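Residue numbers (the working numbering), protein chains in the order written: chain C, 1 to 83; chain A, 1 to 839.
In short, the hints are calculated from the structure, not lab data. Given the structure is predicted, the values throughout are model-derived calculations rather than measurements. Treat the hints with caution; some may be incorrect.
[Stated by the list, open to error] Here chain C is said to cover these stretches of chain A; the calculated rule only asks that three of the stretch's residues, wherever they fall, bring their Cβ under 8 Å from a Cβ of chain C:
| id | segment |
| --- | --- |
| 1 | 1-10 |
| 2 | 243-255 |
[Claimed, not checked] Some chain A residues flagged as far from chain C (calculated, every beta-carbon gap over 10 Å):
| id | residue |
| --- | --- |
| 3 | Y45 |
| 4 | R115 |
| 5 | R128 |
| 6 | L354 |
| 7 | V827 |
C-beta: ideal position from N, C-alpha, C; glycine also.
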Amino acid sequence: MLTSSALAGAIYQIRVTGELNTTLLNAVDDMQLRQENGQNSIALVGWLPDQSALLGLLYRLNEIRYEILSVEIFAPNESTLMT
Amino acid sequence: MILLSAPAGYGKSVLVSQWIKEKEGANAWLSLNDSMNDTAVFLIYLGEALNTCSSRKREVFINLHKQYTFLSWEAIIEIIVNAATELEEKTRLIIDDYYLISNPEIHQLVEVLIREEIRNLQIIIISRWDPPFQLRELRLYQKMQEIRMADLKFEKEEAIELLALDDSISLTNDEINTVVKRTEGWILAIRMILLARSFPVEDNKIKGIENISNNLDQLLSYISLNLEPKFFRQMQLCALCDQFNVELIDSICDFAYEGSCKGEVLLAKLKELNLFILATDSDGGWYRFHHLVGETLIRNLKKTDPDIIISIYTHISEWFSDKNFVDEAINYAIKAENYELACSQIIKHRASILDKDQWWVLKRWLDKIPRQIRNANIDILLTELLVCEETWNIEDFSSILNRIESIGLENSNAENISRYLFHLGYFLTFVEPNPKKAVEALEQSIALFHDESALFGVRRESVVACSRQMLGLTALALKSLEDIHEKFERSSKSYVRSFDGKVLVHLLSGNFESANNDLKKILFLVQDSDFLYLKGWSSYYQGNIAFQFFQKDRAMNAFKKALEYEGIFNYRAYFDALAGLTLISSLKKDEKTTASFLEQMGQLAIKLKDRKFKNYYRSVQARINWHTGQGDKELSWATADWVKQHPSSYLFLIDVPELTKLRIVVSHGTHAQIEEAITVLEEVEAILKSVHNGYQLIDIALLKAMGFFRLQRKKRAVKWLEEALIQADKNEMIRPVLEATLVMPSLFNLIEDPSPYRILTHTGLDLATRKTPGSPASASNGLTLREQELVRLIAKGLRNKEIADLLNISTGTVKSHLTNIYSKLQVPNRISMLRKIED
């Protein structure tokens with residue numbers, strides 16, 4: 001069963017290992033990046049229109065060899081957490 | 001740009017194909033498959049797609065993949081953007097299944113095409129997921145329209161409409177609700193469910209709609225239960241093809257499946273049942289299954305009959321090979337994991353493609369085979385050598401020769417051994433000249449395997465002629481080429497090629513008159529022919545010879561003609577044609593044209609992948625500065641790495657960087673440098689003479705004369721100058737002498753009596769040089785070139801500071817130069833100096 005996030009978009013958090021660099025910045029388009037404190041990992045947070053967009057982003061991350069640790073969907077009303 | 005991004009089965013392609021039918025303008029539909037993730041292959045299909053939709057065929061789109069061999073990717077992108085800008089009619093470029101692309105070069109190209117917002121080009125991208133472009137920016141600047149899953153999924157009303165189109169299916173309102181809910185608007189699933197339901201109820205294994213799911217395998221097996229098993233099996237076999245037509249279906253089914261129906265019947269039935277097939281070309285001959293359905297069919301076949309798959313792929317490969325679709329033949333052989341077959345396809349089609357001089361196609365095929373497979377296959381390695389010769393890829397050339405040697409040829413047939421010996425001979429003739437060994441190898445090759453094709457046999461004769469010439473056996477070399485003429489029709493390529501060999505022999509001998517005569521025959525033979533490769537080369541030779549004779553207009557026209565064959569003949573020669581144009585304009589003192597050709601060379605050097613071209617360009621630039629008295633600026637370039645000499649760089653090229661470095665050093669170096677330069681010149685002369693290469697000898701003699709002149713060793717200078725003048729007179733080689741008079745006019749004052757030299761008296765060189773206004777210094781006042789330059793600038797009215805800035809030296813240096821000049825001319829100040837010069 002498709003949830004609303006698959007069709008209407010949602011805020012996603014994707015965690016990957018590695019350091020910030022320009023390759024990553026160019027690959028993530030309009031996601032916000034945050035190096036996680038004291039860890040070799042980065043959190044990407046942002047709104048994506050649907051899962052085709054999510055998939056496109058995950059493929060890009062894979063192509064530039066950033067290991068994906070987790071993908072989470074935040075319900076729209078939780079978006080305030082991200083500011 | 002329009003982006004359609006949604007999972008498979010949401011009707012993206014169908015939507016676009018229906019939409020464009022209602023729109024005016026041309027449509028270039030580029031349906032991608034796995035093989036197109038390769039840049040060269042992508043360029044071929046892109047070029048074809050843009051050309052087929054346009055009313056006018058453009059060479060530029062056809063040549064893209066060939067140019068990709070030499071040009072940098074940025075240069076290719078620029079060519080495509082420029083060509084697209086010239087599209088006259090509104091064109092839509094639809095790139096279907098873009099998600100298959102992971103090649104960053106292709107992404108870069110497409111993104112540039114989107115960003116440039118080319119007036120008559122609209123791009124539509126269909127993909128299962130978002131392409132890696134900066135979509136945010138495209139959204140922000142409204143350069144992109146998006147159609148996504150939410151827009152594509154079917155609502156209940158749409159499902160009802162769909163249902164209404166087919167009377168054979170009736171569903172209750174509740175059932176429709178269930179279908180839409182279960183499928184979540186996924187069109188492919190809705191259609192499959194409806195299809196499953198469309199079969200007569202008594203046979204229908206789906207008792208209730210509630211049992212169905214989104215599982216495609218399950219849905220397909222429901223459907224298959226209602227189809228004839230034979231028919232379903234045929235569908236599975238077709239699914240193995242990326243695309244199929246009637247003939248291919250017949251061939252596969254005859255091979256694999258006795259008692260199957262004819263392709264025509266099968267296709268008609270697929271269409272009638274609307275079983276997820278799509279036309280892949282506008283003529284309607286080729287089809288494919290919807291990707292997801294195709295994949296499901298193959299998965300199904302792997303379960304039921306896994307062993308047959310490889311043999312079918314092999315069969316498809318052979319079918320394409322028979323039809324001369326070699327790319328497809330190789331792709332299917334690779335799918336069958338049968339590299340041996342893939343290699344044999346290349347070898348089988350090698351000759352026909354080379355006969356059309358399309359070595360770049362051959363290169364594309366070879367690139368599909370993994371390196372380690374190629375390395376173990378003598379036939380393929382030999383084919384690679386052919387490509388190396390065309391692209392002048394010297395590094396690969398020697399490593400492949402070594403590779404073949406290490407494998408050993410004991411088990412090979414006579415033809416392959418003969419081919420190997422030919423390539424070895426070629427290498428020893430042109431790349432690392434050793435004519436004795438070359439002749440041995442080539443003669444052995446001829447004895448082992450007789451061949452009379454233009455591509456191998458006649459080419460081999462040309463090379464053996466060159467190597468014989470290098471041994472000093474010019475008469476024998478020419479005789480053997482003349483024997484070949486006899487054997488062939490005048491209109492044949494072999495006949496022309498044998499003359500091509502003669503021109504080469506004459507050029508290497510420095511025998512320009514004879515080269516010119518044979519060249520005229522080639523020019524006559526190739527006119528109106530489609531021997532583009534020979535046309536390109538012969539225009540280059542023509543320019544080259546006219547350049548040496550200093551027939552300005554003829555040289556300019558011929559070189560310009562040669563430039564029309566970009567990418568068709570060797571790029572080193574192409575670049576040399578540009579060098580010829582630049583240098584001849586400079587010798588004509590046409591600064592504007594010189595600058596523009598030099599600029600063109602610089603642009604090309606940036607575009608070419610091979611870095612050596614930057615040095616070739618740099619060399620011509622230095623030589624132009626040398627012409628205009630600014631050679632001292634080039635001294636640091638010329639004295640870097642200048643002693644090392646490669647005999648293979650000389651051949652019959654108009655500008656050889658190694659020699660131009662010597663030009664600069666001889667004219668502007670210190671005494672010690674000049675002494676060294678003369679030693680190097682003697683070495684070069686010895687090397688060239690040892691291979692009987694006479695192309696550059698007059699230049700070398702003149703350079704030696706200049707060197708000795710600057711060292712104040714007048715006797716030796718005179719000796720070499722006279723030697724050069726005699727040779728130049730004999731061959732009417734005006735250019736080297738003209739160039740020398742331009743850069744060092746005072747040298748010619750050494751000739752007390754010019755009357756024996758026609759070149760000095762009849763060509764007007766004598767007058768032009770010895771009394772040139774504006775070249776104030778002569779040998780008698782003993783000024784160095786730098787000092788002469790200073791005087792020229794002072795005469796123009798420049799002040800010390802301005803001169804210092806212009807020449808990049810300090811004002812102190814300017815002053816010290818001036819002191820030297822005053823003392824040499826025995827004058828107290830500037831004004832007296834200028835007065836003395838004017839006198």
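Okay, the hints, checked on the actual structure:
For the segment 1-10 of chain A, the assignment as covered by chain C holds, since 3 residues bring a beta-carbon within under 8 Å of that chain's beta-carbons and 3 suffice. With a cut-off of 8 Å between beta carbons, the segment 243-255 of chain A has 0 residues touching chain C; three or more are needed, and the interface restraint is violated. With 10 Å as the threshold on Cβ separation, the claim that Y45 of chain A sits away from chain C holds: the shortest Cβ distance comes to roughly 22 Å. Residue-level check passed: R115 of chain A sits 14 Å from the nearest beta carbon of chain C, beyond 10 Å.
At the 10 Å boundary, the C-beta of R128 of chain A falls inside the reach of chain C, the nearest C-beta of that chain being 7 Å off. No beta-carbon of chain C is positioned within 10 Å of the beta-carbon of L354 of chain A; the least distance is around 37 Å. Separation of V827 of chain A from chain C is adequate, the least Cβ-Cβ distance of about 64 Å exceeding the 10 Å criterion.
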